[in-house]
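Q: Listed here are the chains, written in short residue letters.
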Amino acid sequence: MMAESGLAALWLAAAMALLQLVSGLTMVRGGAGQLTPLIKPAAIVQGALCIFSFAALMWLFYITDLSVLLVASNSHIDKPLIFKLAGTWGNHEGSMLLWVSVLSVSGAAIALLEKRIDARTLHATLAVQAFIALGFFAFLLFSSNPFERLIPAPVEGAGLNPLLQDVGLAFHPPTLYFGYVGLSVAFSFAVGAMLTRQVGPSFARAMRPWVLGAWIFLTLGITAGSYWAYYELGWGGWWFWDPVENASLMPWLAATALLHSVSVLATRNALRAWTIMLALVAFAMSMAGTFLVRSGILTSVHAFAVDPERGSFILALMLLYTSLAFIVFALRIGTVKQGEPFQLLSREGGIVANNIFLSVILAVVLIGTLYPLAAEAMGDKISVGPPYFNKATAPLALLLMLALLLGPMLRWRRDEMSRHKYWLIGFFAIILWSGVALWKFAPGIGLFPILGLALSLALAVAAWVPLKGRKLLRTPLPVYGMVIAHFGLAVSVFGMAAESGFSKETLVALAPGESAKVASWQVKLDDVNPVVGDNWVAVEGKMIARKNGKAFILRPQSRQFFRPEQQTSEAALLTRWNGQLYAVIAQPDEEGDGRWQVRLWWKPFVTFIWFGGVLIAFGGMIALLGRMFRRPKKPAKNKWGGE
Amino acid sequence: MTRPWLLWIPLAVVAFIGGLAIYGLAAPKDEQVHSAMVGRKLPEFALPPATAGVEGLSNRDMADGKPRLLNIFASWCIPCKAEAPQLEALKQAGAEIDAIAIRDRPEDVAAFLAEFGNPFRRIGSDSEMAVQLKLGSSGVPETYVIGDDGTIIYQHIGDIRAEHVPILMEKLRKAK
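Respectively, the protein sequence lines represent chains A and B.
Residues in the first sequence are numbered consecutively from 1, following our numbering.
Residues in the second sequence are numbered consecutively from 1, following our numbering.
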């Protein structure tokens, strides 16, 4: 009964979206607007119905109702509760339901809360939002019904892919989805504003919290996904330039650029067409991401999510929305007036530099990701791997950091280099000093790691400079947010550069009692024992790692899951403040001489990568809080009212 | 805006990417990566015999004016067991077959030949996979057609099934 109610709610929600779209269209086309009063209530009811529908599915997973096909094929009576619940979205149908639910709830939130833009733009935005939702409702109802029954019901259920039975990963896809959906709201705002010709600061201020929110979720999602790949896949790497990783990185790059350009639009009423363009690109990239994960047209570690037929459906939706939006862009953006002028050396100029570097990185990643497909279409078979991406993106990222040293210090509209020369001299002294020191004392670690370390040290200082000369208690939260996020970037890049420059690796076959050395650690394989979990068995190595007279125990496992049958390796991590010791044990090799394949890494400062990522997201949260709870009106510093 | 056509570039990019994606969905997926060595001479190598009673294999042995097959196999490889009858059929049809055993031990190769028959003229032992890599082969089993002058003419990836036997014979005939 619960399943049927959930499905009914979904149909009703789709009907609401249709109503919302039709009312919005008649308004935009200049009709009498008799339907216009329906738009907001329709959006709110649609959101409520979707919440009900998603809750119904979650309930079915909670009680493990095996007469529902989705539950039977993705859950199991023996599964721990948290993974039963995570099973709600740990599969295609459920994740799409989550997607559309978040989309509808966002629509309801806009309808309830948004007061900054004029009513026509708001209604147009809600209509676009409903148009997007309708496509996904159609997708759910016609090709991925999550509530389909399975009769007769099986006795125990198939289980969830064991690689996904991991707390971190249970929350990785929904985090990214929240980000994607936030970008869809930005997209709707952009199209709505183009339709009603209202591209200006008030539109930018309405869109900004959504972009910021989406960007926070994407940052967290990418950080979590990277950490998951690092400890769960057991290859010791933290970023593989896998097509699906790129698919989550590209919307992030676009969203980061958008986040910066939208503040220029909100504060200074410049970069109008460019901001609209970025909003469209960011959402197009997030749909492309969903498509790449689902379709399997590119070979990837996310092969568990592949389904070509559904891929074509998402592709059709993606092409429909993005091409319509770019048609509107081409027709309407010419009528958007040129924004306020600014000089090259100004805050705007700095943000344009940021946008250019981010866009070029985005283009590089997009080309690298699609190149194998293009090559295959020409009859050639090529895979584009880390060497291309690292070589092509690293210099751009370093230039971006160089621009970041100065950018946030600059004044709006125009500035003089002479105001900043002592800071600049200071930063270059840090870069030069640390660069030369590294080159002298750690030769052979490569140019990029040296530059990365030197620049991140300079940025770690430069990030705080915008606070100089401000009264700390009266400084707006968004400024703190910016400072923290930029400092987080310095932390993260420091981790990346240290990891790539100084990692040490050892691969050995050890019998119990034997030892191996990695960096300054002495690691002894003490014992190997079988262990049993809820739904797996494993061999577990007990290793003793020694350094400076202190000993630590590591327990890497090689797990064998039953349902479905699969082997995974659980790396053991020993975290010190200055790095991680990473140990992996493999099933015994065929020789059968009682020795075990053991792989050890010492990765200096590797945790900084994710710690920095979390800091970046935290900075975003602070800024978002500042945007949501503005302090009582204060006199604006310039005529557009920005900080 | 002085150049309105510029505004249509984003749409064109979307169309291009969409076209690629449609191609990617429509084109049959071919996961095999063929060797870049096809069409070139065999690399230099000289392998010791894989087990007692057989002869080792070098690239010179295969450039003696007669086209033949080169089978890459291993005793621990299950598809290699499955293709044994087809190799026997190829031999019956007149093909000369040389082989390279990958990461194998002499006693295991002997047991394999005893159980599944020995259709091979020579069997070299490539215990380090060095020659396999030189040939651009990424797994076992694979079968190459080698021309009379030692040129690699064709690469068959995976086990030989009954329907592949005539294809390989045809390639051999053409290699003359």
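Treat the hints loosely; a few may be bogus.
Said to hold, decoys possible - Using 25 Å as the maximum straight-line C-alpha spacing, the simulated DSS-like pairs for lysine-lysine come out as follows:
id, chain 1, residue 1, chain 2, residue 2
1, A, K504, A, K547
2, B, K66, B, K176
3, A, K381, B, K134
4, A, K440, A, K391
5, B, K176, B, K91
6, A, K381, B, K66
7, A, K504, A, K517
8, B, K171, B, K91
9, B, K91, A, K381
Think of the hints as simulated: they come from the structure by calculation, not from any bench.
Quick caveat: nothing in here was measured; it's all calculated off a predicted structure.
Q: Confirm or reject each hint.
A: Taking the hints in turn, this is what the structure says about them:
no.: 1; hint: K504/A with K547/A; result: holds (15 Å)
no.: 2; hint: K66/B with K176/B; result: holds (7 Å)
no.: 3; hint: K381/A with K134/B; result: holds (19 Å)
no.: 4; hint: K440/A with K391/A; result: holds (23 Å)
no.: 5; hint: K176/B with K91/B; result: holds (17 Å)
no.: 6; hint: K381/A with K66/B; result: violated (32 Å)
no.: 7; hint: K504/A with K517/A; result: holds (10 Å)
no.: 8; hint: K171/B with K91/B; result: holds (14 Å)
no.: 9; hint: K91/B with K381/A; result: violated (33 Å)
This entry does not satisfy hints 6 and 9, going by the numbered hints stated previously.
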